Amino acid sequence: MTAPAEQRSLIRVRYAETDAMGVAHHAGYPVWFEVGRGDLMHALGLPYAQVEARGYYLMLSGLSVEYRRAARYDDHLTLVTRVGSVRSRTLTFTYELWRPTPEGGEELLATGETRHIATDQSYRPARLPEDVLTLLTGGVAES
9 MTAPAEQRSL
19 IRVRYAETDA
29 MGVAHHAGYP
39 VWFEVGRGDL
49 MHALGLPYAQ
59 VEARGYYLML
69 SGLSVEYRRA
79 ARYDDHLTLV
89 TRVGSVRSRT
99 LTFTYELWRP
109 TPEGGEELLA
119 TGETRHIATD
129 QSYRPARLPE
139 DVLTLLTGGV
149 AES
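First residue of the sequence shown? That's 9 in the working numbering, and the numbers climb one at a time after it.
None of these hints come from the bench; they were simulated from the model.
Predicted model only: the values in this text are computed from it and were never measured.
From the three backbone atoms N, C-alpha and C, an ideal C-beta is built for every residue, glycine too.
Please note that the accuracy of each hint is not assured.
[Stated by the list, open to error] What follows is a set of in silico ranges between Cβ atoms, one per label pair, in the way DEER data are often shown:
| id | residue 1 | residue 2 | range |
| --- | --- | --- | --- |
| 1 | 55 | 128 | 38 to 46 Å |
| 2 | 128 | 22 | 30 to 38 Å |
| 3 | 28 | 97 | 37 to 45 Å |
| 4 | 71 | 115 | 39 to 47 Å |
| 5 | 29 | 62 | 28 to 36 Å |
| 6 | 69 | 43 | 17 to 25 Å |
| 7 | 111 | 20 | 34 to 42 Å |
| 8 | 129 | 95 | 19 to 27 Å |
| 9 | 111 | 53 | 34 to 42 Å |
| 10 | 96 | 61 | 14 to 22 Å |
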């Protein structure tokens with residue numbers, strides 16, 4: 009089985025995620041990124057629960073979001089998540105959030121990146137096992 013280079017997750021903007029004007033609050037985007045990251049990990053055959061069960065955490069060490077257009081209440085969005093880079097103790101995921109247009113195309117609403125450090129359960133940096141690195145590396149998108 010070939011590992012996916014990307015994972016597409018469907019996101020529907022809930023009322024609770026919006027402000028009084030019906031615009032998605034900026035704090036919702038990192039939550040959506042977590043949804044995409046979890047979906048991609050499952051698609052790679054590496055659910056995050058298995059990572060933790062093996063004694064590792066993937067601690068968030070950095071987050072960036074570039075907002076281009078506003079997502080609005082009840083929008084049906086597509087979040088594209090990719091493994092950006094993998095090293096023995098660090099990895100990066102990248103994100104693109106898209107909305108369909110009335111003309112049948114898509115418009116890019118936001119891009120983002122999360123950076124993670126692998127730790128043991130004592131929160132000390134730790135090298136990920138080779139099989140985990142292989143699964144993650146198999147999901148790295150080609151440039």
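Hints violated by the structure (listed by number, smallest first): 1, 4, 5, 7
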